[in-house]
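Visitor: Listed here are the chains, written in short residue letters.
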Amino acid sequence: MFEAKISQGSVLKKLVEALKELVTEGNIDVSPSGMSLQAMDSSHVCLVSLVLRDDGFDHFRCDRNMPMGIHFANFSKILKCAGNDDAITLKAEDNADQLTLMFESSNQDRISDFDLKLMSIESEHLGIPDQDYSAEIKMPASEYQRIVRDLTSIGDTVLISATKEGIKFSTSGDVGTANVTLRHNTTSEKQEEHTIIDLKEPVALTFALRYLKNFSNATALAPQVKLSLTKDLPIVVEYQVGELGNIRFYLAPKIDDEDNMGEDEAQS
Amino acid sequence: MFEAKISQGSVLKKLVEALKELVTEGNIDVSPSGMSLQAMDSSHVCLVSLVLRDDGFDHFRCDRNMPMGIHFANFSKILKCAGNDDAITLKAEDNADQLTLMFESSNQDRISDFDLKLMSIESEHLGIPDQDYSAEIKMPASEYQRIVRDLTSIGDTVLISATKEGIKFSTSGDVGTANVTLRHNTTSEKQEEHTIIDLKEPVALTFALRYLKNFSNATALAPQVKLSLTKDLPIVVEYQVGELGNIRFYLAPKIDDEDNMGEDEAQS
Amino acid sequence: MFEAKISQGSVLKKLVEALKELVTEGNIDVSPSGMSLQAMDSSHVCLVSLVLRDDGFDHFRCDRNMPMGIHFANFSKILKCAGNDDAITLKAEDNADQLTLMFESSNQDRISDFDLKLMSIESEHLGIPDQDYSAEIKMPASEYQRIVRDLTSIGDTVLISATKEGIKFSTSGDVGTANVTLRHNTTSEKQEEHTIIDLKEPVALTFALRYLKNFSNATALAPQVKLSLTKDLPIVVEYQVGELGNIRFYLAPKIDDEDNMGEDEAQS
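Residue numbers (my numbering), protein chains in the order written: chain P, 5 to 272; chain E, 5 to 272; chain V, 5 to 272.
Keep in mind that the hints are not guaranteed to be accurate.
[Stated by the list, open to error] Every beta carbon over 10 angstroms from chain E, so not counted as near; a handful from chain P, in silico:
#1 V20
#2 P71
#3 K121
#4 R187
[Claimed, not checked] So the derived label-pair ranges between C-beta atoms look like this:
#5 E/E97 with V/E169: 48 to 58 angstroms
#6 P/K194 with E/E205: 58 to 68 angstroms
#7 E/E97 with V/D178: 13 to 23 angstroms
#8 E/D101 with V/I125: 52 to 62 angstroms
None of these hints come from the bench; they were simulated from the model. No residue lacks a Cβ here, since even glycine has one placed at the ideal position from N, Cα and C.
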């Protein structure tokens, strides 16, 4: 059987809110070492990878590995019934066709239990190689969210250029053009407000804005986001999920004629 | 003539907000002892009964009984023009075809008067017998609102079971199943947070969730709600309206084959 | 070239929000003495006049007069990307086909620049004669907003009557009728809460409510609004824009048979 308890249930709520627009359904794999999910978005353009370690839970027991096929919109419907301060327990028998969720309010006078129907989903696990990146940028998650939201109102694609000077997001559309530049900046007393640019070599890549904006649905999970960039490789947008683990979004760069403009800018 | 003044006009605003989705139009009956309304909802499934006593008003005068046929969406439009701190005066001549509403701001520098057209509505008054109920449950109005809202996202009907252990709300739907249980609980210092279960005998009844959810539009009126349950009789959902009176919603239980499940659970 | 900097960028954001529903596109005329706009709304019913003086900016330079043809929805899209505390700099070359906007956050670690495409718009400048008005009413902008919003829910046109007793807004519709009266009132310690009625002679005019409501989109710009009324002339609804200048909306009164009722009331 599988049983996992997390006293801060709001983390689970935020996780599923971060995923549900991108991933319609997918297998959450449970094992003695924790829970994980790897799923393509419904248009098969980007990849989400979620890892939650067993020791991040208040209680975790898993007797044997098994996939739990989740319909994320339904999972979200049930988690919305949990209070933000509720403790949440997940439970499933081996080979179960349902996942039981128990919500306990802090004063324990209200107990809710929900059974979520599980699905049988075929999936193949992709090996994602560990990678050295040309540029790794840590920035406030809210800043990332704002930039991709703002630029989405102007254009469809964004050129992200990382240089010594900073990280620049550029787009253009019917309205005109837009450039937003953040500089390396560790002056704030609050570490979560820092922008840290770790650069091996300058890099400039073009991405579809709608996916980058979608990734920012995870903003509530963490104060900082990390962007990892290498020429011709997918960008990785990563949020730490407290002590539990992390969620990573992968999106391949656009490679087309328009991209030449981007290449030129990166070299300048 | 009829004239009634209430210094805390927000109560009247909340009352009409509580009613307007359920009741399209109905007669507010005025008499020397106060104002009252009895109306079926537009689908003729549930009944609303409102009683406001004359002595709850700052000023109340009614020379002769008369019905005032109100279109509640229009009444609401006008009451939305009253500030929350405005005093509201209602006025009508005998056999008038309009109801005059006067709104006075606390500093009296702003005076608004509105005339609401009255309608001629045929209605028959039902006698609602006083009843001993198998179970009476008082709980925080916000808790009731949350439970019926949550369960509405999962299923269409709810089985409400009152036992010594507590009151349980159960539903099921495409997503899965849900049970929310509240225990008798008077530990809080704040009386409005208590859940009080007054049980003569266990009872379990099934209701259409959309109406129970609709009743919760009255949540702003009172800190507590009272549910009264008896086998084969309508549930009564009652809110006190301050010192003025009360509003009661009646909904008959569903009696069909599915209900057997409910009956079984109640016996367990 | 043209260059203007305003450290309190939120003023520019609010200005464009106030305009963009009313005016689809128009020429902002820049000259050494400042910026100005005169435009009809898209239905050619009302007129907007905006004046921003050069000395109200933190920095202002304009070498030669030129019109900048602005699409206001696009201008708004870009200004929404500015933080409320950002400084905003506007820049254009002579005869440019684009306006550059630079946003600087207070700590200067984030720099955004946007290019807005300019349009070629034919326009003729109307001379608006200075006028003595029969009645000038200053009132809290929020009060004006609330009255026109409330009355819009009841009727389509409003009769505004200014007398010694106060200023009365009246409307009627399917629901019934509504009158809201404000009295001259300077008792509050806060000047922005005063209602000041400066009356040469009583006046009563009827206007289309939807435009008066639209003008109230400027409410965020100023604590007070001034209404100026003269028989048979357009009403002027004016907001001060801090130290920068002002925005004025002009709307001609309705002259039709229904107006007679208005005339009668004004004489009473």
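Visitor: Of the hints stated earlier, which fail here?
Guide: 3, 5
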